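Colleague: These are the residues of each chain, in order.
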Amino acid sequence: MNNFILEIGTEEIPSLYIDNIVESLEKDTKKILEQLHVDCHNIYALGTPRRLVVFIEGISSQQEDIVHKIKGPSLAVAFEKDGKPQNAVIKFAQANQVKIEDLLVEKTNKGQYIFAQKIIKGKRIELLLPEICLNLITNISLPKSMRWGTTSLRFIRPIRWLLALYNNQIISFQLHNLTSGRKTYGHRLLSPGMVKIPNASEYFNILKERFVICDAEIRKKEITSQIKNIIKNNNGKEYVEPSLLEEVKNLVEYPKVLLGKFDEKYLDLPKEVLTAVMIKHQKYFPIYNNDDSLLPFFLVVINGNQNQYIENIIRGNERVLKARLEDAKFFFQEDQKIAKLGLKPLEGNIEKLKNIIFQENLGTIYDKVERLITLSQKIGEDLRLNENSLQILKRAAQICKSDLVSEMVKEFPELQGIMGREYALLQGEAPAVATTIFEHYLPRFSGDNFPKTITGSILSIVDKLDNIIACFLNNIIPDGSQDPYALRRQALGIINIVLLHNLEFSLSKIINLNINLLRNNKNLAEQKVFLKRIDTQDIKYFIFQRFRFLLLERGFKYDIIDAVLAINPDSILDILARIKAIQNIYHTSSFTRIITAATRAFNLSRNITELSIDNNLFQEQEEVTLYLSYLKVRENVTTLIAKHDYITIFTNLAQLNKPIDNFFDKVLVMVKEERVRHNRLALLKSIANLYNTVADLTKIALSKGGAN
Amino acid sequence: MFIQDIIFNLERYWSKKGCIILTPYGTEVGAGTMNPATFLRVLGPEPWRTAYVEPSRRPADGRYGDNPNRVQLHYQFQVIIKPSPDDIQDIYLKSLEKIGIYRKEHDIRFMEGDWEAPTLGAWGLGWEVVLDGLEITQFTYFQQAGGIDLNPIPVEITYGIERLAMIAQQKDNIYELFWSKDITYREIQHQIEVEQSKYNFEMANIKMLLSLFNMFEKEAQNLITKNLSIPAYDYTLKCSHTFNLLDARGAISVTERTGYITRVRELAKQCAQLYIKQREELGYPLIKGGNNE
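First to last, the protein sequences are chains A and B.
First residue of the first sequence? That's 1 in our numbering, and the numbers climb one at a time after it.
First residue of the second sequence? That's 709 in our numbering, and the numbers climb one at a time after it.
Hints in this document: simulated from the structure, not taken from any laboratory.
All values derive from a computational prediction rather than experimental measurement.
Note that CB positions come from ideal geometry on N, CA and C, so glycine has one too.
A couple of the hints might just be wrong.
Quick list of simulated restraints, FRET-style, between CB atoms [unchecked claim]:
| # | chain 1 | residue 1 | chain 2 | residue 2 | range |
| --- | --- | --- | --- | --- | --- |
| 1 | A | Asn523 | B | Ile896 | 39 to 47 Å |
| 2 | A | Lys509 | B | Ile969 | 32 to 40 Å |
| 3 | A | Glu246 | B | Glu843 | 21 to 29 Å |
| 4 | B | Ala959 | A | Asp562 | 49 to 57 Å |
| 5 | A | Asn523 | B | Thr970 | 15 to 23 Å |
| 6 | B | Thr966 | A | Asn139 | 32 to 40 Å |
| 7 | B | Gln986 | A | Gln308 | 53 to 61 Å |
| 8 | B | Gln986 | A | Lys522 | 46 to 54 Å |
| 9 | B | Tyr992 | A | Thr138 | 28 to 36 Å |
| 10 | B | Tyr992 | A | Glu202 | 47 to 55 Å |
Okay, derived cross-link-like pairs now, DSS-like style, lysine-lysine, Cα gap no bigger than 25 Å in a straight line [to be verified]:
| # | chain 1 | residue 1 | chain 2 | residue 2 |
| --- | --- | --- | --- | --- |
| 11 | A | Lys354 | A | Lys528 |
| 12 | A | Lys183 | B | Lys802 |
| 13 | A | Lys91 | A | Lys81 |
| 14 | A | Lys261 | B | Lys812 |
| 15 | A | Lys196 | B | Lys802 |
Using the sequences provided together with the hints, build the complete structure.
Modeller: Listed below in structure tokens is the structure:
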């Protein structure tokens, strides 16, 4: 079997990017081989911090011949009666360097045509591989790129060597000042020297001997099993932090898990403080008891297995963790001291929020807190919260950002909200206030919990909404893969919270209020000129786009979603109610008739603006009947819309089906007499408008067999 | 190993690697990067290799000598090599052996750590070098300085001398380090930390500093119009340090902050542009027919 290997030797690639790069490398390889008609058994792309590898197993030694067909003139005009080729055919054959007798006739959907067939002989794979390698390296999609030394090459980190072998043969190519060869390097610390690979198929074994495991999945399994073993020996709960595992597997080429200890006195710190230090800062895995409390241990995944020095490495890591925990403990105690003196750490911090900028041109966190108070009270009132809940909400809003200036959060920013909750309890706030403070950051990432309380939900919604609007004002609007402030995730968070707790409130009112509060901050009069002009609808549209994805994901039909969003409803629950009602009756013949009627009424009256209808101008019984039915249905619909009872609304709208059909059967709309014509059009327009209060039904795509 | 021996050994090592050993700059800087031996010399096509110690001031990091890990003045060992050599990571790892850190005995990791200095219009990509869990070095391939794309690309290696000493001497407290066999870090630095913290946070005369900032800025601008990039850059550094003091003192509101940073960056950019022009006019004197590798 013929094998090929390409290794791009680099300086340490950030762990976060490796999986994506490897994935796209595999896709690119597959695509290039397909385009070139090169067959193979398997393609593996693999990566470590120091190398990206493409291994093509069973690559065919020869490119397939490529058959190229060029369409010529139509057969019907190609030959004269006596069978002689026409001039056009002769020229076509000449142009394509094909003999006339070698021309083919093939059937197309436009009849039979003359074709010239050319066969491009496949090349030997060795001749194609250099180009394939260059193509892969230079076209790889990278999240960030840089330059180094004197080369103008760009890559994620400097490329230091290139290995390219087809079986035992070097595939030689030149990339700026780098030339490919059979040289590679083992583990940076344990096997620093250069090594030559005799044959592509031996690459992985030789590297393994030199402490490099190329396959991230194998490294991951290795780490997991070592961790589980140690946890078992220490009677801990079998849990391996998944996101840390993903990160750590790409920080090492040859993982070894070591167990370290820390003093039990640090277990008095809030658990989240310890895990933040261990996981985020030091990349250590904590060990939990079965009741989820922490054990005074940590696991560090080192790069290698320096057996005789392991004790020193553990001591070093323990010393670093101790210093970090000592800092945390110091900060926590300082804040506790304040509380013991009867002072309120969060309260005292409110003024300090004036020193933290929220966003460019948009003032400080202090200003933001003021907005959050107003906005959350507004939603609270709309939702008719009782006085007690409103008070909790107000108090939580006042101090929800105060932990940002605590020493602890300055040191460990990811503890925002968690320290807020701890300090709130410490200074004697109601537990509901503490919970609301913690919950207002939820969900912090995809898959995170949602707020459980109504007050937490409301504060979370207004916090996120304010972030979104602020970014829009500063023209930081998500675009393609660009969403640095995760505004899409925040919008989705808002929607999910609303749906989870059935929160009915007017989007445009709250958005409008929020925009005004941001624009009219008197401290920022001068900065106002830098802000982008946005209106309520821009924000609603952004939220609707997220909602649309969510609804599609939940299996609602795109045309129904678009029909409802088109009329710009004002609450998320209302949108859902409309969509559900339509989805419910989507396949009924009555709905098909409603759509047909709505579409006809809409199409005829498309350009009409005049809506006044004059009873005296009616001439036919059918238009009188339609008018009276319309009045009745309109009255019912108006009351039902207030109740969001769309199912009954559609039963009502169905009552118009027959009168409309009769109307179109018997009444000619486009009569000569202008007043009569206008009167009829005004009636149709009014009816179209009535349908439109529910959804833009013309957007519904009925299946072809649907209409009766 | 004593702090001074760490310095000696690193100086000797890098001088053997072709670096000229310079001294700290004569005005206050926040990092070795701000020394013109880095900031100006990384610009343009001329090769450059240097190493030096830089006492680096971060007024807001003052802790009155009470915190075992944090000080408002620490010592960096700065290495700049332009263009960056192909085996620079290996050269760096070997430098650690000179202070008793052997790669086979430790877990040494190059962890993503991109670097940016907004007041200098400078940024780069690279790593924090982490030794057994402790960050000991910042390792950066500069991409821009003074808002100018760099070509060739220099590499900057910044060791935290105190960090290295804490590993070498196995200490948990910076003040317990020995500078030499007779004298501790506490004996040399503690009074400095106490007094400077008091100055930075409580005593610095805000009104004076605000007017100094404006005067320094004006002087720098004037010097730029006179084609004097070097003294203009000195005044840019003075602006930067004055801004840091005002910031530590809490005298600059958050909304004003961005404005000050932009003003310093603007000066740094103009100095950089002027300096590049001057070197070009001088015919890039350091290009002596191939670099000294």
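Colleague: Which earlier hints turn out false for this structure, listed by number in ascending order?
Modeller: Checked against the structure, no hint fails, so every one of them is satisfied.
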